[in-house]
Amino acid sequence: MTAHALTQLALPIVLALMMLGMGLQLSLNHFKQVLHHPYSIVLGVILQMVALPLLAWATVMIFNLQGLTAAGLILVSLCPGGASSNLISHLSKGNTALSITLTSVISLITPFTIPLAANLSFDWLGLDMQQFSLPVLPTIMKLAVITLIPVLIGMVTKHYFSRQAEQVGRQLNRLTMLALILLVATIYWINRDKLPDLLSIVSLSCLTLTLIAMASGFTISKACSLSHREARTMAVETGIQNAGVAMLIAVTILNNPILAIVPMTYGILMKIPAFSLVAWMNRRGATGRGTTDSNRLDNPLTPDKV
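Residue numbering for the sequence shown follows the working numbering, beginning at 1 and increasing consecutively.
It is worth saying that the hints were derived from the structure and are not from the lab. Glycine included, every Cβ here is placed at the ideal spot set by N, Cα and C. Among the clues, some could well be false.
As the list claims (entries may be wrong) - Derived DMTMM-like pairs (lysine to aspartate or glutamate); straight-line CA-CA distance at most 25 Å: (1) K142 with D128; (2) K32 with E166; (3) K93 with E166; (4) K142 with D123.
Claimed, not checked - Derived Cβ-Cβ restraints for the label pairs, each shown as a range: (5) K32 with C224: 17 to 23 Å; (6) L211 with I153: 18 to 24 Å; (7) I149 with I181: 22 to 28 Å; (8) W189 with A215: 31 to 37 Å; (9) V50 with L211: 14 to 20 Å; (10) L152 with D128: 21 to 27 Å.
Make a model of the complete structure from these sequences and hints.
Take a look at the structure:
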């Protein structure tokens, strides 16, 4: 398969199937959590859609990033959380229902916010807007087709075929995650001759952003009186991004594979602090020091099957 086919065909299909898998495990009950527990949901949206982009800008300034490196880091910060955040939240003994609700709510919002925020950010970075301007309506339509519509189709399917939909959704999530990893590795290999000059600074800036994002998500949540369990979930949701969406925008809409290097790197390195948190929480559980704090979003849903 050629590089063009990978970026223009395979990547959108994999992302659409990934969002379908998410939708197959969602129900209206998840969205009702917004009404029942607005404080936690609003805080999570603010952390991911306001705090994370601000932290990305701070990282750009700290490392004095320029051009495509800075643009790629800002772009990934504007994207929704990934489906893997739900699994990581569950494994780290967070509130999976809160994680699912935040991921789904923000995934429905960002197709409309990304083109506006990205254009403004690229302009501030001084990029050539003839090459890096996202056409607002076409971008919204493309993102809606690839992210929003599959989620809605999955939710409708789950409504009528609940048990079968959850089973298919779990399998589809595993397969699409594997497919995305293979796809990212292939795109990396195709562009390997362009990596040496960028790899070190990209890796350091991506790892720094995901670390400070998770730390900020946890600290701010605790300062806002959320439980330890909710705060862990906020940390995961703030730091774990859907790098595939950023890659899609870079290679499919802007036709710039080099811009996708930062989201690709972020998607790999964000797993380090995420699974470190999982290992730490499992170790605490194994030694009998697990948390027993109450949780305002514990509910009769069955999110642990994510």
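TODO: Kindly indicate which numbered hints from before are broken by the structure, ordering the numbers from low to high.
DONE: 6, 10
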